[in-house]
Each structure stands twice: as structure tokens, then as C-alpha cells.
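A.B. asks: As a plain string of letters, each chain reads:
There are 2 protein chains.
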Amino acid sequence: MNPQEIIRNISSQSSKITSVFFVGCGASMAELYPAHYFLETEACKIRSSIYTANEFCMATPHSVNEHSIVITCSLGGNTPETVAASKLAMEKNAHVIAITHYADSPLAQNAHYVIVHGFEKNYAAKLEKMTNALHLAVEILKLYEDYSYYEQMLNGIQNIYDIIENAVSYILPAAQKFAKDYKNAPHIYVMSSGATYRVAYAFSICLLMEMQWMNSGSFHDGEFFHGPFEIVEKDVPFLLLMNEGKTRPMDSRALDFLQRFGAKTTVIDAKDFSLGSKISPEVVDYFNPMLISAILRVYAENLAIARNHPLSQRRYMWKLQY
Amino acid sequence: MNPQEIIRNISSQSSKITSVFFVGCGASMAELYPAHYFLETEACKIRSSIYTANEFCMATPHSVNEHSIVITCSLGGNTPETVAASKLAMEKNAHVIAITHYADSPLAQNAHYVIVHGFEKNYAAKLEKMTNALHLAVEILKLYEDYSYYEQMLNGIQNIYDIIENAVSYILPAAQKFAKDYKNAPHIYVMSSGATYRVAYAFSICLLMEMQWMNSGSFHDGEFFHGPFEIVEKDVPFLLLMNEGKTRPMDSRALDFLQRFGAKTTVIDAKDFSLGSKISPEVVDYFNPMLISAILRVYAENLAIARNHPLSQRRYMWKLQY
Numbered sequence: 003m004n005p006q007e008i009i010r011n012i013s014s015q016s017s018k019i020t021s022v023f024f025v026g027c028g029a030s031m032a033e034l035y036p037a038h039y040f041l042e043t044e045a046c047k048i049r050s051s052i053y054t055a056n057e058f059c060m061a062t063p064h065s066v067n068e069h070s071i072v073i074t075c076s077l078g079g080n081t082p083e084t085v086a087a088s089k090l091a092m093e094k095n096a097h098v099i100a101i102t103h104y105a106d107s108p109l110a111q112n113a114h115y116v117i118v119h120g121f122e123k124n125y126a127a128k129l130e131k132m133t134n135a136l137h138l139a140v141e142i143l144k145l146y147e148d149y150s151y152y153e154q155m156l157n158g159i160q161n162i163y164d165i166i167e168n169a170v171s172y173i174l175p176a177a178q179k180f181a182k183d184y185k186n187a188p189h190i191y192v193m194s195s196g197a198t199y200r201v202a203y204a205f206s207i208c209l210l211m212e213m214q215w216m217n218s219g220s221f222h223d224g225e226f227f228h229g230p231f232e233i234v235e236k237d238v239p240f241l242l243l244m245n246e247g248k249t250r251p252m253d254s255r256a257l258d259f260l261q262r263f264g265a266k267t268t269v270i271d272a273k274d275f276s277l278g279s280k281i282s283p284e285v286v287d288y289f290n291p292m293l294i295s296a297i298l299r300v301y302a303e304n305l306a307i308a309r310n311h312p313l314s315q316r317r318y319m320w321k322l323q324y
Numbered sequence: 003m004n005p006q007e008i009i010r011n012i013s014s015q016s017s018k019i020t021s022v023f024f025v026g027c028g029a030s031m032a033e034l035y036p037a038h039y040f041l042e043t044e045a046c047k048i049r050s051s052i053y054t055a056n057e058f059c060m061a062t063p064h065s066v067n068e069h070s071i072v073i074t075c076s077l078g079g080n081t082p083e084t085v086a087a088s089k090l091a092m093e094k095n096a097h098v099i100a101i102t103h104y105a106d107s108p109l110a111q112n113a114h115y116v117i118v119h120g121f122e123k124n125y126a127a128k129l130e131k132m133t134n135a136l137h138l139a140v141e142i143l144k145l146y147e148d149y150s151y152y153e154q155m156l157n158g159i160q161n162i163y164d165i166i167e168n169a170v171s172y173i174l175p176a177a178q179k180f181a182k183d184y185k186n187a188p189h190i191y192v193m194s195s196g197a198t199y200r201v202a203y204a205f206s207i208c209l210l211m212e213m214q215w216m217n218s219g220s221f222h223d224g225e226f227f228h229g230p231f232e233i234v235e236k237d238v239p240f241l242l243l244m245n246e247g248k249t250r251p252m253d254s255r256a257l258d259f260l261q262r263f264g265a266k267t268t269v270i271d272a273k274d275f276s277l278g279s280k281i282s283p284e285v286v287d288y289f290n291p292m293l294i295s296a297i298l299r300v301y302a303e304n305l306a307i308a309r310n311h312p313l314s315q316r317r318y319m320w321k322l323q324y
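So the sequence lines, in the order shown, correspond to chains A and B.
Residue 208 in my numbering sits at position 206 of the first sequence, and the numbers go up by one each step.
Residue 289 in my numbering sits at position 287 of the second sequence, and the numbers go up by one each step.
Derived by calculation from the structure, the hints in this document are not laboratory data.
We treat Cβ as the ideally placed atom computed from N, Cα and C, and that holds for glycine.
The hints are all genuine.
Some chain A residues judged to face chain B by a derived CB distance under 7 Å, without partners named:
no. : residue
1   : His189
2   : Trp215
3   : Asn217
4   : Ser218
5   : His222
6   : Gly224
7   : Gly229
8   : Glu232
9   : Thr249
Here are some chain A residues the structure puts well away from chain B; computed CB gaps all over 12 Å:
no. : residue
10  : Glu7
11  : Gly120
12  : Phe121
13  : Tyr125
14  : Lys144
15  : Ile159
16  : Glu167
17  : Asp274
18  : Gly278
19  : Ser279
20  : Lys280
21  : Ser282
22  : Arg299
Chain A extracted, bound-state conformation:
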């Protein structure tokens, strides 16, 4: 079923939904963030929360019940913590939707509804997970509260994949420059704002720490001036993800500061890819994370080449019990 069919089906069974929970681990949790951010910003009655799966299992929120929708996510569909969270949510009579690449995975088997997304085909396919989660959130808001920009949002969902494929078609030189400039960095700080905040987080903990064994930290660039900016000196390496939309002034303020004090700064700016000319201004904020994630994937691939350290190389993951 597609997101619209799933939410219509839930609404035919349950006229009252009070809470939505987004549950995953690592990159899969981060990819649920734009959907959570959308509901936090746009909803007036529906509660929305995002959890790393083990916290959801151990300190389960009281409102997980027949009036809640739990959206779980795992690429392979076999992340044990997320499978357990999905199972727990079903036991508590929540409506459970799994987003995964594998239709017959344990995650899919422990959910009422499954959205199977692409991955290998191209960069756009890698963002189907994030985009489907957002689409679910939009349908929930539309059906349970109403949403003024529903059509604009559906148009955005239709267009984002082409925007992504177009963007990645010409960023190789920029990605290669990033790889060359940062391959020996002792640590890299990543920051952004709005719906893209956890794209910075995911790049830091997954692409840099997990897949490149590089030291890294991430934070919201609205927080930059309340602590982290004191680390800035000439050539301290930063990666700034700039958004089109309401939170752009925060991104710009951080950029001004980085440039003023000579930090080693790489910017990935959604505006350079005309996101705002292709998606309505009322909803453009929510599509920055898809575009920027795709671009970052190319940056990471080139960093891996420059460092001669494949993205699939691990010390512990898939090798040990822990």
C-alpha cells in the first residue's frame, strides 16, 4: 500500500489518533526526522515523538495505545532494537507501519502495514525512505486535522526525486574537492537547522564515525553561538548544510561567523540546486533534507575513495556480537 492508502485504512478503523511515534536507530532514525519535524511544526492536536528504538522499548511512552500510530524504519528490516519496538507497539494495539527495503524482513513481519522502498537504483531511490515517512506524516495531518498545503506537498513529493537526480549529476567536482580538503581532517563538525538538523547528525555519526572512523561532532546551527562556536579557529573543519526556507537566516549567520574567523568551511546549499524554484515556498523547508542527504552521499563516496577506506569497512558491525 502507499502512504495515502495506509492512513486511509487506519482512519477507517480509528477515528481518533492522538500520538505518532517515529522509531528507528542511527541513520534510519535520522531519516524519520523530517516527518516528525513536519508534524511538530504543522499539527495542533496530534502529538509527535521520535525515538531511538531501545529507548522506546525500555522507557515506553504511556501514550502508545490504540490511538497511536508507530512508524518504524530499518533499511535491512532486521535491526533487532527496531524489530522489538515494532513488536511492542503491536502488543500495545498501536497502528504499526514499517518502512524497509525488504518486504519479507523481520521488521515487515512485525507491522500492520509495510512500505517497501528502493535503494540501489540511484541516489533518488536512497531517499525514498525519508520521503515516504514524510508522506505518511502529511496524510496523517490531512486526515486527522486538515492541512492547507496538502497539494503543494504532494507536488513536492512527486518532484523531489528528479531534483535529486539532477543535482547529483553535476556535483562530482565539488565532492572531490571536499574529499581532498578533508581527507586528513582530525575531526569534522557538521551542522544545519530545521528539517535538515538530523541530516547533519546522520552524516556525523554514520558516514564519518561509522564508515570512515573519523572523529566528528554535530549540532543545530542555532545552537552554534551558544557553545560550539568557541572551538572555531583558522582551519578548524566544518561542514554546513544550508536550507531554503524559514530557517535559512540561522544557517547564514553560522556561515558568516565561520568565514570571518577562517574556519575550513564546506557549504552544501539547497539554493544552489534551485530547490525553491521547483517546490512551493510554503513547503520547501521539508524537502531540504532529501536533497542534501543525496548530495552528502556523493561527498562521502568521494571521501572514501580519497582515504582509501571503503564505506562498507567495519571494525565491529556485522562481525561481532555486542
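Model the placement of chain B on the given structure of chain A, informed by the hints.
C.D. replies: Relative to chain A, chain B alone:
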């Protein structure tokens, strides 16, 4: 007015509250997190969100209205972004409560209610900000939904200050050891779970990055195994904040891994200070962050001494316009 009086006053004016927003910057935002975490976990109808102030101002959630309570926080009461957020919330007819150390500060002047907290007197006073925010959340839940462990929670709020003062009275040797062991660390990773998650964040971005100009990153220890753990090697410096309560198994799992692979690990464990013997098990989770924050303050002070870098030293803050 105290938290109970404030929320009773609001309830006499407004029988319906749908959303609560916690708004601040840096450490002040992080100190609101336990209150937000409490409402997210325990409430079934009330929405709860936490925002860095500029994001609240720029991408203001639609639900900020006469049915919402906005709790803003700034130690000095003059953080421009937080003052602006408070003002904006008042313009939108929300019920606005400011938590600050200064009764006549701009923040206090832009709120309907003010809680003035201590700071200088002792370590316990430094945690009045966090504890008052939690108390507000408890009163909100009690009045607008009901809460089964209200009495246990009030007892906890009464007892936590003595628990803190007792704990800090004998941790100097441990803090000095930490300072000696980590003073030359190229970076320090900090992690925790549950209500304490953003204590790790605040220590990383404020105490280490801002006040010691040390490289750092922080994350939830439930996320550790989904990315960051690949950075672990012998002697990589970690600081793990362990909780009493439901999420402790996550903390323990991270500790096992750090020890197994020889990371340089310092643990601050609420159990060592008998938190669970002094506060009811139903509510103990919510008091870890106060106890651990106070202990971390002593650790930071000793790190500052060992590094000959006062906690008040800044490159940019208070010195420049930015």
C-alpha cells in the same frame, strides 16, 4: 510564584492546554530537556516540544496559541534569541513562563510568570533551573491529565538538592583523576540515555567546546551501536553518564563495549550516589540529570584547573557582535 501556583493560575484562565513548548539556547535549552522528556513519556494528550530559541522564532510551530504554555529559560535572562521567543509567544497569546536567575531581566519582562532560581550558593542551586522546569511539567500533567506518581515526584523534588550536595561533597578525588587523565585528550565523546541524554550534550558543547575549547561530540548511548561505536579503539576518550531507572541497560551495554575494546572510559553513575534508594523507583529516571549535572560541574572545574584554562575564558562570547 512557585510552579504549582503558576500552573493553577493558568488553569483558572484556560481549561484547555494542548501544547507545551520548552525554549532556550545551549545549556539553558538542555536544562529544559528532563521536563520535556517527562511530558513526552508520561502524557497522553498534551503535546510537548523543545526548541532552540531561534528555530522557535523562525519556524514557529502552528500550535503556539492561547492553548499552549511556553516555558523559556536563560540564566542571565538576556539571551537575545530567547527573549525574542518569549515575546513572540506572548504576542501569540500563549501562557509564557520564564525561568531565570534575574527577576528584572529582559526575559522576565517578557513573560506572564517568572521563576527566579538560585545559582551561586552551591551546586544544588545550579540545578534549580532544571528542577523547576521539571516541577512545572509535573504540575501541568497533574492538572490537565492527572498523574499517578505526583506525590513521589514532589518528594523527589524536595530531596534532590540534598542528594546533590551530599554527592559533590566526596567526588573531588574522582574529578581530579578525570582532569588528569583527560586534560590532553584530542577529543572527548560524551553519552547517556533517557532524561540525561542532553546532559551529555550540554557537557560536550558548553563545558568542553565552549569553556575548554576541546573537541567533542555527544550522542544517545542507544545510538552508540548504530554508528559511533566504530570510532572505538584503545584509549579513545569517552565519558559515560549512567542512569538509575529504565534506560540503565542501554548505559550498561555501552559500558561493556567500551571496556571490552579498551577505550579510555570515565563513568559517572547515579547508582554510586544511591539515587534509587532516596527517590521512588517510579520517578527516579527523571532525577538522574540533576545529580549527574552537578557532578559534571565539579569535573569541569577540575579539568579547567588541570588545563590552566578558566571556565570563564572565551574567544568570542561577551566580546564581539556576531
